[in-house]
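Engineer: With these hints in hand, go ahead and build the complete structure from the sequences.
Just so you know, the sequences run in chain order A and B.
FYI, in numbering that gives the first Met the number 0 the residues of the first sequence are 0 to 339.
FYI, in numbering that gives the first Met the number 0 the residues of the second sequence are 0 to 332.
Read the hints as simulated data drawn from the structure, not as lab findings.
Hints are not guaranteed to be accurate.
[As the list claims (entries may be wrong)] Here are the simulated lysine to any residue pairs, SDA-like style, with alpha carbons at most 20 Å apart: (1) B:Lys281 x B:Phe293; (2) B:Lys330 x A:Arg276; (3) B:Lys202 x A:Leu282; (4) B:Lys248 x A:Pro278; (5) B:Lys248 x A:Arg279; (6) B:Lys62 x B:Leu88; (7) B:Lys281 x A:Ser164; (8) B:Lys248 x A:Ser274.
[To be verified] Beyond 10 Å from chain B on every Cβ pair, some chain A residues (computed): (9) Asp107; (10) Met116; (11) Asn120; (12) Ser124; (13) Ser140; (14) Glu150; (15) Asp237; (16) Pro252; (17) Pro303.
[To be verified] Covered stretches of chain B (chain A as the covering partner; in silico rule of three or more C-beta atoms under 8 Å from a C-beta of chain A): (18) 155-165; (19) 183-197; (20) 212-221.
These numbers come from a predicted model, not from an experiment.
Heads up, the beta-carbon is just placed ideally off N, CA and C, and yes, glycines get one too.
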Amino acid sequence: MAHALADDQSGLASPPRREPVLEIRDLSVEYVLESGIVGAVDAVSFDVAPGEFLAIVGESGCGKSTLLFGISQLLNPPAEISGGSVQFHGRNLVQLTERELAAVRWKDMSVVMQSAMNALNPVQSVGAQLKDAMRAHGMTSKSEILQRSVEVLSMVGIDPVHLKSYPHQLSGGMRQRSMIAMAMLFTPELIIMDEPTSALDVVAQRSLMAQIKDLQREYHFAVIFVTHDMSLVRHFSDRLMVMYAGQVSEVGPTQQLFDHPHHPYTAGLMDAFPSIRGPRVQLTGIPGSPPNLARPPSGCRFSPRCPKVMARCETDPPPDYQVEGTSVRCFLYDVTGGSQ
Amino acid sequence: MTDSEPLLRVDRMSRHFKIGNALSRSTLHAVDEVSFTVGEREIVAIAGESGSGKSTVARVLAKIYKPTSGEVYFQGKPLSAIRSRAEKLRYSGLAPMVFQDPFASINPVFRVSHGVMRALKLHRPELSGDQRFTEAVRVFDAVGLNPGAEVLQRYPHELSGGQRQRVGFAQALAMRPKLILADEPVSMLDVSIRIGLLNVMAKLRDEERVSILYITHDLASARYVADRLIVMYAGHLVETGPAEDVLSKPQHPYTQLLLSAVPDPRAELNVSAETDRGEPPKVINPVPGCRFRFRCPLAIAECHHQTPQLLELSPGHDAACFVAQSGAEVKAF
Chain A
0 MAHALADDQS GLASPPRREP VLEIRDLSVE YVLESGIVGA VDAVSFDVAP GEFLAIVGES
60 GCGKSTLLFG ISQLLNPPAE ISGGSVQFHG RNLVQLTERE LAAVRWKDMS VVMQSAMNAL
120 NPVQSVGAQL KDAMRAHGMT SKSEILQRSV EVLSMVGIDP VHLKSYPHQL SGGMRQRSMI
180 AMAMLFTPEL IIMDEPTSAL DVVAQRSLMA QIKDLQREYH FAVIFVTHDM SLVRHFSDRL
240 MVMYAGQVSE VGPTQQLFDH PHHPYTAGLM DAFPSIRGPR VQLTGIPGSP PNLARPPSGC
300 RFSPRCPKVM ARCETDPPPD YQVEGTSVRC FLYDVTGGSQ
Chain B
0 MTDSEPLLRV DRMSRHFKIG NALSRSTLHA VDEVSFTVGE REIVAIAGES GSGKSTVARV
60 LAKIYKPTSG EVYFQGKPLS AIRSRAEKLR YSGLAPMVFQ DPFASINPVF RVSHGVMRAL
120 KLHRPELSGD QRFTEAVRVF DAVGLNPGAE VLQRYPHELS GGQRQRVGFA QALAMRPKLI
180 LADEPVSMLD VSIRIGLLNV MAKLRDEERV SILYITHDLA SARYVADRLI VMYAGHLVET
240 GPAEDVLSKP QHPYTQLLLS AVPDPRAELN VSAETDRGEP PKVINPVPGC RFRFRCPLAI
300 AECHHQTPQL LELSPGHDAA CFVAQSGAEV KAF
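Structural biologist: Here it is in structure tokens:
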């Protein structure tokens with residue numbers, strides 16, 4: 000069934016044939032601690048095409064948020080980029096100075112953080128914070144600023160009277176929407192979102208997802224959306240990237256990953272959700288817990304929890320195999336059977 | 000369930016909070032006139048969005064809040080009659096609480112054995128030191144912390160979130176409870192390990208004969224583990240019945256809305272822009288009327304003047320909705 004090809008270096012699952020907005024190559028991030036070095040992100044490579052919705056899923060501690068911070072150059076010590084490049088607009092963001100980055104931020108690329116309550120300034124009104132971002136990018140005309148503020152708030156369905164509201168006066172859903180409004184100020188090409196819905200109730204969550212998708216359809220920006228809840232992105236993302244212990248386990252078109260998960264970890268994640276419809280079945284989840292990245296297991300990092308583990312998994316780290324349009328880091332798809 | 004008196008009976012219980020300053024006194028109705036029961040060896044889920052009053056119910060049951068009106072009966076005895084320290088201790092051992100945040104609910108400076116051993120000493124003073132340790136190992140093994148004797152010696156920071164939450168259940172179990180009050184016990188955990196904990200809850204019911212009141216906003220997990228389901232909206236109980244029945248034939252428009260919002264990877268989704276953007280109201284100085292009427296596409300005149308009461312629509316399945324009670328088919332979302 001699997002038509003496995005040799006690893007083609009890029010580790011990519013047939014990206015659309017357009018110039019990507021973002022090209023990430025072998026990006027590694029380490030936390031340099033007194034107790035040793037923790038490799039939170041290990042040589043991750045992928046592309047994001049214009050207007051694409053890429054979802055990154057994984058458990059807590061798999062490095063997905065660290066990866067986002069690495070891409071947006073927002074890492075703080077003890078975390079640092081130990082290798083690799085982030086090409087955005089033909090420039091390697093890793094090598095830019097803070098001043099050069101400031102010009103890119105908000106304008107070409109913006110980030111929506113997990114907790115809007117902490118990301119918004121509690122002592123400034125929403126309008127003042129929007130103004131701040133626009134001023135920083137050289138917009139000075141008061142009427143222009145007001146006009147754009149009203150525009151972006153309406154885009155996300157917030158009444159412009161809330162320009163005068165402070166974050167604590169808004170509900171969780173509205174705070175998260177106003178963060179997205181801020182990210183939309185300059186209609187950037189790429190918006191990075193770190194679990195923007197995790198603090199919301201299901202109803203607010205679904206409405207926010209639908210909103211993001213609508214905006215994306217209209218303004219054609221690319222989205223990198225990080226979440227631990229795979230079911231959430233099932234109907235919204237074009238491509239899905241599954242991360243485990245700092246590495247990419249599997250990446251491919253979302254529909255395909257859901258229909259035929261290849262990596263045992265992806266399959267395990269799929270079986271971890273109770274369904275709201277259909278028969279009630281006993282689920283097991285994935286036994287064990289993610290490894291301590293200060294001492295990652297040798298060989299495949301998922302091998303201690305893997306139901307299909309083989310002898311070589313415990314010693315050799317698997318490369319990426321191309322299977323049916325997805326890229327899988329698992330020896331199960333090695334057609335040579337490990338004879339080389 | 001016994002025929003006479005259920006394990007827990009909540010009878011028209013309300014909890015209000017005074018808010019505002021001296022100039023503007025108002026009353027927030029967190030829970031209004033809620034009645035339900037929990038039987039022996041039964042998992043009952045209370046589902047609702049933030050602000051629905053579900054955690055307030057749990058806190059009243061844990062005797063953190065006193066009800067403003069109404070009464071709660073545990074094993075037939077009213078909670079308001081529990082006054083002495085010994086009685087309170089006995090009750091909190093019979094109905095312990097497991098909290099939402101496994102990172103904040105265990106003391107980080109002690110080994111995890113500390114909490115369990117203390118609970119045993121306090122609630123089961125008849126045990127000797129050796130017996131306490133044997134019992135601690137037993138409850139740790141029962142919640143899947145194997146080998147119990149070894150895990151007991153660890154510090155909280157050495158455990159994952161899922162393991163810590165199991166410690167929470169082990170601590171509760173050590174007191175030989177009849178009812179565990181679990182307030183969003185899995186919502187802080189990763190999706191991939193939630194299921195393990197839900198299985199622990201089912202095991203406690205089946206093997207340790209414990210009832211669980213499972214407070215959650217996740218209907219899919221409620222369906223997975225609960226026998227009966229209670230849906231709350233803005234302090235009112237809007238629908239209750241056997242979990243499977245409520246979820247396959249929801250009668251209240253709000254239950255239908257909640258159900259339609261659950262992400263289900265196995266279902267096809269019509270990603271329509273027409274989604275509900277409303278939010279549950281804060282219920283301050285309310286007037287009579289259905290509290291869902293402003294978001295409800297089916298609202299009729301009656302909904303604006305009268306508060307609908309729970310009525311049984313099919314065996315054991317009640318809903319508080321005038322439209323459903325009129326016999327019309329409810330299909331709001």
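Engineer: The structure should be examined with respect to each hint, and the outcome stated for every one.
Structural biologist: Going down the list of hints, with the structure as the test:
1. B:Lys281 x B:Phe293: Since the Cα atoms of Lys281 (chain B) and Phe293 (chain B) sit roughly 13 Å apart, the hinted pair holds (cutoff 20 Å).
2. B:Lys330 x A:Arg276: holds, 17 Å
3. B:Lys202 x A:Leu282: holds, 13 Å
4. B:Lys248 x A:Pro278: holds, 15 Å
5. B:Lys248 x A:Arg279: holds, 15 Å
6. B:Lys62 x B:Leu88: With Cα atoms ~11 Å apart, Lys62 (chain B) and Leu88 (chain B) stay inside 20 Å; holds.
7. B:Lys281 x A:Ser164: OK: Lys281 (chain B) and Ser164 (chain A) at ~18 Å, within 20 Å.
8. B:Lys248 x A:Ser274: holds, 16 Å
9. Asp107: holds, 27 Å
10. Met116: holds, 13 Å
11. Asn120: Check passes; 23 Å lies beyond 10 Å.
12. Ser124: holds, 21 Å
13. Ser140: holds, 32 Å
14. Glu150: holds, 18 Å
15. Asp237: Holds, since 13 Å exceeds 10 Å.
16. Pro252: holds, 14 Å
17. Pro303: holds, 14 Å
18. 155-165: Holds: 4 residues of the stretch 155-165 of chain B have a Cβ under 8 Å from chain A.
19. 183-197: holds (count 8)
20. 212-221: Since 5 is at least three, the answer is holds.
In the structure shown, no violation is registered for any of the earlier numbered hints.
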